[in-house]
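Student: Sequence:
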Amino acid sequence: NSLLDARGIKKQQQFLLMGSRLVKEALRLHPQKFSELIVPVGYEEGVAAPDLDHYILEKPLFKELDVYGTQSPILVGNTPALPETDLQSAPQGLELLVATGDPSNLGALLRSAKAFSASKITLLKECAHPFHPKCLRSSSGAVLNLDLQSGPSIQDVVPQPSVYSLDSSGESLHNFSWPKDLRLVIGEEGLGVPKHLVDANTLSIPMNSELESLNAMVAAGISMYSYRQ
34 NSLLDARGIK
44 KQQQFLLMGS
54 RLVKEALRLH
64 PQKFSELIVP
74 VGYEEGVAAP
84 DLDHYILEKP
94 LFKELDVYGT
104 QSPILVGNTP
114 ALPETDLQSA
124 PQGLELLVAT
134 GDPSNLGALL
144 RSAKAFSASK
154 ITLLKECAHP
164 FHPKCLRSSS
174 GAVLNLDLQS
184 GPSIQDVVPQ
194 PSVYSLDSSG
204 ESLHNFSWPK
214 DLRLVIGEEG
224 LGVPKHLVDA
234 NTLSIPMNSE
244 LESLNAMVAA
254 GISMYSYRQ
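To convert, count from 1 in the sequence shown and add 33; that's the numbering used here.
No lab work stands behind these hints: they were computed from the structure.
Bear in mind the structure is a predicted one, so any value in this text is a computation, not a measurement.
Just to be clear, a hint being listed does not mean it is correct.
Said to hold, decoys possible - The calculated DSS-like cross-link candidates involving lysine-lysine, where the alpha carbons are at most 25 Å apart (straight line), are:
1. Lys-167 to Lys-147
2. Lys-57 to Lys-147
3. Lys-92 to Lys-57
4. Lys-167 to Lys-66
5. Lys-43 to Lys-147
6. Lys-57 to Lys-96
7. Lys-153 to Lys-66
8. Lys-44 to Lys-96
9. Lys-43 to Lys-66
10. Lys-43 to Lys-153
11. Lys-213 to Lys-153
12. Lys-167 to Lys-92
13. Lys-167 to Lys-44
14. Lys-158 to Lys-147
15. Lys-44 to Lys-66
16. Lys-43 to Lys-96
17. Lys-167 to Lys-43
18. Lys-153 to Lys-167
19. Lys-147 to Lys-66
20. Lys-213 to Lys-147
21. Lys-158 to Lys-43
22. Lys-44 to Lys-158
23. Lys-96 to Lys-167
24. Lys-158 to Lys-228
25. Lys-66 to Lys-96
26. Lys-167 to Lys-57
As the list claims (entries may be wrong) - Restraint ranges, calculated between C-beta atoms of paired labels, are given here:
27. Gly-41 to Ser-210: 43 to 49 Å
28. Met-240 to Pro-116: 32 to 38 Å
29. Glu-97 to Lys-158: 27 to 33 Å
30. Leu-224 to Pro-64: 38 to 44 Å
31. Pro-192 to Pro-113: 29 to 35 Å
32. Lys-213 to Met-240: 24 to 30 Å
33. Ser-237 to Leu-62: 36 to 42 Å
34. Asp-232 to Glu-97: 47 to 53 Å
35. Thr-103 to Pro-192: 42 to 48 Å
36. Asn-241 to Pro-64: 46 to 52 Å
37. Ser-150 to Glu-91: 40 to 46 Å
38. Tyr-101 to Gln-45: 18 to 24 Å
All C-beta atoms in this analysis are idealised placements derived from N, C-alpha and C, irrespective of residue type, glycine included.
Let the hints inform the model, and build the full structure from the sequences given.
Tutor: Shown next as structure tokens:
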């Protein structure tokens, strides 16, 4: 059960991947990232994972791990050590600096990052754990296919000409000419980005003035689409 929350994942340096499709795809594309396969008693559908240790659990015990009720095998993976990002180097392509604290929203954001070919994702100190079960599920496994790095607190991100953030006071995306190489800061839900970044390069998404802001995941998706356009 410790692998169902961020603290346990950090301590054990392992994670759980659930869902029949995600498990089969992960075994096909990334078998080296997993060490164990957990199945419930009586599970009859075969899973091609001869190199993994197999564990068969009684259904009540398996149900405690199978929090989404998939009733299908669960993979145990080894969390990779995320390299520390170098924010002093020049960005290459569209890089994201992410402080999204909700694991489900982070997963959805990472799925969009994969769809729009973000070149690098730096997870800031405030960010949820990328291998939290909620994040893995909402990302549809995209977490396993991205260049993830760790970074400082969002409070310590230094304004630079190549660093942009999203704020309603910024330049409208409608007329903005995106540079090829930049870092885009995605702030925390509710808190947004710190004032020292808002006072630098900021971009805004044209929207109904009656609404104050968008969900961080939605705003990031719109921005990445605009960049690709």
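Student: All the hints need checking, so say for each whether the structure fits it.
Tutor: Hint by hint, here is what the structure shows:
Only pairs whose Cα atoms come within 25 Å are accepted, and Lys-167 paired with Lys-147 is accepted, the gap being roughly 17 Å. A C-alpha spacing of about 19 Å is found between Lys-57 and Lys-147, which places the hinted pair at or below 25 Å, so the restraint holds. At most 25 Å may separate the alpha-carbon atoms for a hinted pair to count; Lys-92 and Lys-57 meet this at roughly 21 Å. Between Lys-167 and Lys-66 the alpha-carbon distance is near 19 Å, which keeps this suggested pair within the 25 Å criterion.
Of the pairs offered as hints, the one joining Lys-43 and Lys-147 holds, with about 24 Å between alpha carbons and a cut-off of 25 Å not exceeded. Proposed proximity of Lys-57 and Lys-96 is supported: the alpha carbons are some 20 Å apart, at most 25 Å. Straight-line distance between C-alpha atoms of Lys-153 and Lys-66 comes to about 20 Å, which keeps the hinted pair within the 25 Å bound. With a C-alpha separation of about 23 Å, the suggested pair Lys-44 and Lys-96 falls inside the 25 Å cut-off, and the hint holds.
A C-alpha spacing of about 16 Å is found between Lys-43 and Lys-66, which places the hinted pair at or below 25 Å, so the restraint holds. Taking the CA atoms of Lys-43 and Lys-153, the gap is about 22 Å. The hint holds against a cut of 25 Å. The hinted pair formed by Lys-213 and Lys-153 meets the criterion: a straight-line CA distance of about 14 Å does not exceed 25 Å. For the proposed pair Lys-167 and Lys-92, the alpha carbon gap of about 22 Å is at most 25 Å, so the pair holds.
Using a Cα cut-off of 25 Å, the hinted pair Lys-167 and Lys-44 holds, with the two alpha carbons roughly 18 Å apart. Taking the CA atoms of Lys-158 and Lys-147, the gap is about 21 Å. The hint holds against a cut of 25 Å. For the hint linking Lys-44 to Lys-66, the alpha-carbon distance of about 18 Å falls within 25 Å, and the restraint holds. For the suggested pair Lys-43 and Lys-96, the alpha carbons sit about 23 Å apart, so the restraint of at most 25 Å is met.
At roughly 15 Å between alpha-carbon atoms, Lys-167 and Lys-43 fall within 25 Å of each other, so this suggested pair holds. Note on Lys-153 and Lys-167: the hinted pairing holds, with a Cα-Cα distance of about 21 Å set against a maximum of 25 Å. For the proposed pair Lys-147 and Lys-66, the alpha carbon gap of about 19 Å is at most 25 Å, so the pair holds. With a CA separation close to 17 Å, the supplied pair Lys-213 and Lys-147 stays within the 25 Å bound.
For the hint pairing Lys-158 with Lys-43, the CA-to-CA distance comes to about 14 Å; that is within 25 Å, so the pair holds. Proposed proximity of Lys-44 and Lys-158 is supported: the alpha carbons are some 17 Å apart, at most 25 Å. Among the hinted pairs, Lys-96 with Lys-167 is consistent with the structure: their alpha-carbon atoms are about 16 Å apart, no more than 25 Å. As the CA atoms of Lys-158 and Lys-228 are separated by approximately 18 Å, the hinted pair is consistent with the 25 Å bound.
With a C-alpha separation of about 24 Å, the suggested pair Lys-66 and Lys-96 falls inside the 25 Å cut-off, and the hint holds. A threshold of 25 Å between alpha carbons decides the hint, and for Lys-167 with Lys-57 the separation of about 18 Å falls inside it, so the pair holds. Against the hinted window of 43 to 49 Å, the Cβ-Cβ separation of Gly-41 and Ser-210 comes to about 46 Å, which satisfies the hint. In this structure, Met-240 and Pro-116 meet the distance hint of 32 to 38 Å, their C-beta atoms being roughly 36 Å apart.
A beta carbon spacing of about 31 Å between Glu-97 and Lys-158 agrees with the range 27 to 33 Å that was offered as a hint. A beta carbon spacing of about 39 Å between Leu-224 and Pro-64 agrees with the range 38 to 44 Å that was offered as a hint. Between Pro-192 and Pro-113 the C-beta distance comes to about 30 Å, which sits within the given range of 29 to 35 Å. Separation of Lys-213 from Met-240 is about 26 Å and conforms to the stated range, judged on CB atoms against 24 to 30 Å.
A beta carbon spacing of about 38 Å between Ser-237 and Leu-62 agrees with the range 36 to 42 Å that was offered as a hint. Here the CB-CB span from Asp-232 to Glu-97 is close to 49 Å, well matched to the stated 47 to 53 Å. Separation of Thr-103 from Pro-192 is about 44 Å and conforms to the stated range, judged on CB atoms against 42 to 48 Å. The hinted window of 46 to 52 Å between Asn-241 and Pro-64 holds, with their beta carbons roughly 47 Å apart.
Checking the proposed 40 to 46 Å range against Ser-150 and Glu-91 shows it holds: the Cβ atoms sit about 44 Å from each other. A hinted range of 18 to 24 Å for the beta carbons of Tyr-101 and Gln-45 is consistent with their spacing of about 20 Å.
Consistency with the previously given hints is maintained throughout, with no hint failing.
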